[in-house]
Structure formats: C-alpha cells, structure tokens
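K.L.:
These are the residues of each chain, in order.
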Amino acid sequence: MQTSGSSSESVLTGASVWIVVPAKDEESTIGHVVAELAQGEWVVLVVDDGSVDRTGMVAKMAGAIVLRHAVNLGQGASLQTGFDYARRRDASVLVTFDADGQHAPTDIPTLLQALDSGCDVVLGSRFLGEIVGASWLRRIFLRVAVKVSNRLSGMTLSDAHCGIRAIRASALDQLTLTQDRMAHASELLKKLGRTDLVVVEVPVAVRYTQYSSSRGQGLTQALRVLFDLMFNRSL
Amino acid sequence: MWIRLLLLAGLALTGYSAFVRRRRMPVHIMLIMMFLAAAAGMVVFPDVTNWAAARLGVGRGVDLVTYLVEVSLLFIVLHYYSKFVLLQQQLTTLTRELTFLRQDLDQLRGPKAGE
Chain A
-9 MQTSGSSSES VLTGASVWIV VPAKDEESTI GHVVAELAQG EWVVLVVDDG
41 SVDRTGMVAK MAGAIVLRHA VNLGQGASLQ TGFDYARRRD ASVLVTFDAD
91 GQHAPTDIPT LLQALDSGCD VVLGSRFLGE IVGASWLRRI FLRVAVKVSN
141 RLSGMTLSDA HCGIRAIRAS ALDQLTLTQD RMAHASELLK KLGRTDLVVV
191 EVPVAVRYTQ YSSSRGQGLT QALRVLFDLM FNRSL
Chain B
-5 MWIRLLLLAG LALTGYSAFV RRRRMPVHIM LIMMFLAAAA GMVVFPDVTN
45 WAAARLGVGR GVDLVTYLVE VSLLFIVLHY YSKFVLLQQQ LTTLTRELTF
95 LRQDLDQLRG PKAGE
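Chains A and B, in that order, give the protein sequences.
Its first residue numbered -9, the first sequence is counted upward by one per residue in my numbering.
Its first residue numbered -5, the second sequence is counted upward by one per residue in my numbering.
The following block holds chain A by itself, in its conformation from the complex (with noise of 0.2 Å):
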C-alpha cells in the first residue's frame, strides 16, 4: 500500500457516484442486480457489451443507464468505456460491480466509507470478507491468482481480482485500462503499484451461484489473461 496525498472531498455527501456494470449477455441477473443498485443514492451504468440477448433492455427497464458497445470487446474495455462516460458526467467516484448478481449492494457504503476517509482506491476482498458457494478448487485457484498477481503488481493484497472497487475519478488519470479483456484486472494492480495512490482493501461478501460460477474464469481463461499481459503490450 502507498501513501500520498488524497482528495478531501467527501464521497458521500453530496458526491457524484457512479456504479459501473459491464454486462455481456446477462439477461437473466441483470434486472434484479440493477433493481438492488438503483435503491441506492448513485447512478447504475451498465455498459451492454455488445450482448445477443436482452440485457440492455432489462437493465434499462430496471432503471439503469445503458451504453451498448456494437461488437463484444471485453470486460475490460466496458469498464474503461463506463468510467470515460461517467467522467464526461462530473462522476467523482466509480464503482465496478459485476453483473452477475455475486456482489452484494451492501458492501457498496462500506467502499465509499473507506474512500471518505481519504483513500484514492478502494479494492473488495474476498478473502478478508465472505465468500460463499465457491467449490475447493476455485478457492485454490483464487489463491494461487492471488500469489500471481501480487508478484506482477508488486503489492501485498489479500484478493486479486474481486470486482467490486471504488476508484476516485481524479484517480482514474492514472489509471487507464488498455487491457480490453480479462486482464484489465491485473493490469490495474499493475499500474496501482507504479503510482503513489492511496489503496486500500476492505473486507466484501461474494456468493457463487451455479450461474456466477459458470461465467467464471477457469484455467483457459487464466492462461488467456497471463497471454494478454505478457504479449499485447509489448508489441
């Protein structure tokens, strides 16, 4: 973790908050992970990537914004569409939150709380929270990512990919996703280690259904994300 400097600007009172969704073909959780978002004080985005189902329009019936990208480009360019817009909106802070109804709305004060209290970053752990419904396999697998992760980012974390976050917008300058996919995860860490941006981790629930667990990540997608991050931006 570093330690600098930091926007006193409270985030919530009064602050523009913004909950990014990326959704590619989740027309099944969409409406009910919308529906628990917009009882909050923060604007819902979800940014439909190009899904062959209804998962625009769901989100939007449950009152989200949505951002329809033409072609599927990833998870990672969703998010960095998400907060482009939302900054073009005077958002001051972002949230990421998956799309697959994991996360649970609740953690979302407990982000902004850590982010009051004069951190540029907030990442969602799972492991210092709860995770439920994850077989032992995952657990390692997580683990394992984790070891991987901290050793390409340089930081000591807890979680590695968890996708609820807050991130202060005056934080984002720094912090650009050029990873489109999967690896945007990573590359983020990454590029929190090369900056003196405040980081935190605070502990999030996250619960595995037989659905969430299916759009996973699994081994061939893990080797597809060290691929990205070790070829497409060195060439």
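Because the hints were derived from the structure by calculation, they are not lab data.
Beta carbons: idealized from backbone N, C-alpha and C, even for Gly.
Careful: at least some of the hints might be erroneous.
[Said to hold, decoys possible] Listed next, the in silico DMTMM-like pairs over lysine to aspartate or glutamate satisfying Cα-Cα at most 20 Å (straight line):
hint, chain 1, residue 1, chain 2, residue 2
1, A, Lys14, A, Glu26
2, A, Lys50, A, Asp106
3, A, Lys181, A, Asp15
4, A, Lys50, B, Asp57
5, A, Lys137, A, Asp163
6, A, Lys50, A, Glu26
7, A, Lys181, A, Asp163
8, A, Lys14, B, Glu91
9, A, Lys50, B, Asp100
[To be verified] Part of the chain A face toward chain B, derived, beta carbon under 8 Å:
hint, residue
10, Leu63
11, Thr71
12, Glu120
[Claimed, not checked] Label-pair ranges, simulated between beta-carbon atoms:
hint, chain 1, residue 1, chain 2, residue 2, range
13, B, Gln84, A, Asn140, 47 to 57 Å
14, A, Asn140, B, Gly4, 33 to 43 Å
15, B, Gly4, A, Asp74, 41 to 51 Å
16, B, Val63, A, His22, 32 to 42 Å
17, A, Glu26, B, Leu25, 41 to 51 Å
18, A, Ser204, B, Ser76, 25 to 35 Å
19, B, Leu(-1), A, Asp74, 51 to 61 Å
20, A, Arg141, B, Val71, 37 to 47 Å
21, B, His22, A, Trp126, 48 to 58 Å
22, A, Pro99, B, Glu64, 31 to 41 Å
23, B, Leu81, A, Gly144, 49 to 59 Å
Position chain B against the provided structure of chain A, taking the given hints into account.
P.N.:
Frame of chain A; chain B shown alone:
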C-alpha cells in the same frame, strides 16, 4: 527442369505482386525483393545452399533452408500478431466513440413512447 521454371515463375509473380502493391517503396518491400532474389538464386544454383550450410555448420543445404523457413514463419506470425493487436485497439476506440455518439443521439431524441 520444369519444377525450377515453376518455382521461378512463382517467385517472379510474388515479386511483381509485392511491387504493384508497394507504397513509396518502403523498406520491407526492398527486403521482400532481396528475399525473393535469394530464393531464386537457390533454385538456379541449388548447390549454393549445401555450400552455405557447410560453412555455417548446419549439415545439409535442405536443413539450412528449413531453419530459414522456420525463422521467417515466426517473424511473419509475430508481425501479423502485432498488426492484429493494433487493429483491436483501433476497433475498441471506434466502438467506444460510436457508443458515446449513439448515447448522445438517444438523449437528443428524448425518451421513446412507452419508456
């Protein structure tokens, strides 16, 4: 004899095609021409590869040609992969701009009936 003529014709056609599509004679076209000339030399004087292989210590001429082909293929794959990555970045930029334009347009139009 016929096979040599066929190979030389193929090389000449490749060279002509590369030359016609040139843009201000960039360096890589020059390299392609030199590569094709070397290949034509090997077709006309096959013993040259044996001589070069013996000098380089890689056994037979055919081994030398195989190694050169492998290196060339690797270079081509890497070259086109870097092009692919660049195209992917451009596609991302374009798609993002299109997304913002569409959103701005939708807002200008206002909510549709029933929304």
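K.L.:
Please go over all the hints and tell whether each is borne out by the structure.
P.N.:
Hint-by-hint comparison with the structure:
Between Lys14 of chain A and Glu26 of chain A the CA atoms are separated by roughly 19 Å; this keeps the pair inside 20 Å, and the hint holds. With a C-alpha separation of about 30 Å, the suggested pairing of Lys50 of chain A with Asp106 of chain A is violated against the 20 Å cut-off. Pair hint Lys181 of chain A plus Asp15 of chain A does not hold up; C-alpha atoms about 29 Å apart against a cutoff of 20 Å. The hinted pair formed by Lys50 of chain A and Asp57 of chain B fails the criterion: a straight-line CA distance of about 63 Å is larger than 20 Å.
Restraint check: the Cα-Cα separation between Lys137 of chain A and Asp163 of chain A comes to about 27 Å, which exceeds 20 Å; the hinted pair is violated. For the suggested pair Lys50 of chain A and Glu26 of chain A, the alpha carbons sit about 13 Å apart, so the restraint of at most 20 Å is met. This hinted pair checks out: Lys181 of chain A and Asp163 of chain A have alpha carbons roughly 11 Å apart, not beyond 20 Å. Restraint check: the Cα-Cα separation between Lys14 of chain A and Glu91 of chain B comes to about 19 Å, which is no more than 20 Å; the hinted pair holds.
The suggested pairing of Lys50 of chain A with Asp100 of chain B holds, with an alpha-carbon distance near 13 Å, which does not exceed 20 Å. Contact between Leu63 of chain A and chain B, as hinted, is supported at the beta carbon level, the nearest pair being about 5 Å apart and thus within 8 Å. For Thr71 of chain A, the interface hint holds, the least distance from its beta-carbon to any beta-carbon of chain B being 5 Å, beneath 8 Å. Evaluation of the Glu120 of chain A hint against chain B yields a violated restraint, the C-beta minimum of about 35 Å exceeding 8 Å.
Separation of Gln84 of chain B from Asn140 of chain A is about 33 Å and departs from the stated range, judged on CB atoms against 47 to 57 Å. The hinted range of 33 to 43 Å is not satisfied by Asn140 of chain A and Gly4 of chain B, whose Cβ atoms lie roughly 54 Å apart. The hint said 41 to 51 Å for the Cβ distance between Gly4 of chain B and Asp74 of chain A, and at roughly 50 Å that hint holds. For Val63 of chain B and His22 of chain A, the hinted distance range of 32 to 42 Å is not satisfied, since their beta carbons lie about 57 Å from each other.
Range check, Glu26 of chain A to Leu25 of chain B: about 60 Å between beta-carbon atoms, so the 41 to 51 Å window is missed. Between Ser204 of chain A and Ser76 of chain B the C-beta distance comes to about 34 Å, which sits within the given range of 25 to 35 Å. Range check, Leu(-1) of chain B to Asp74 of chain A: about 59 Å between beta-carbon atoms, so the 51 to 61 Å window is met. Between Arg141 of chain A and Val71 of chain B the Cβ separation comes to about 28 Å, which falls outside the hinted range of 37 to 47 Å.
Between His22 of chain B and Trp126 of chain A the CB atoms are about 53 Å apart, so this pair conforms to the stated range of 48 to 58 Å. Under the hint 31 to 41 Å, the C-beta atoms of Pro99 of chain A and Glu64 of chain B, about 59 Å apart, miss the expected range. Taking the beta carbon of each, Leu81 of chain B and Gly144 of chain A are about 31 Å apart, not inside 49 to 59 Å as hinted.
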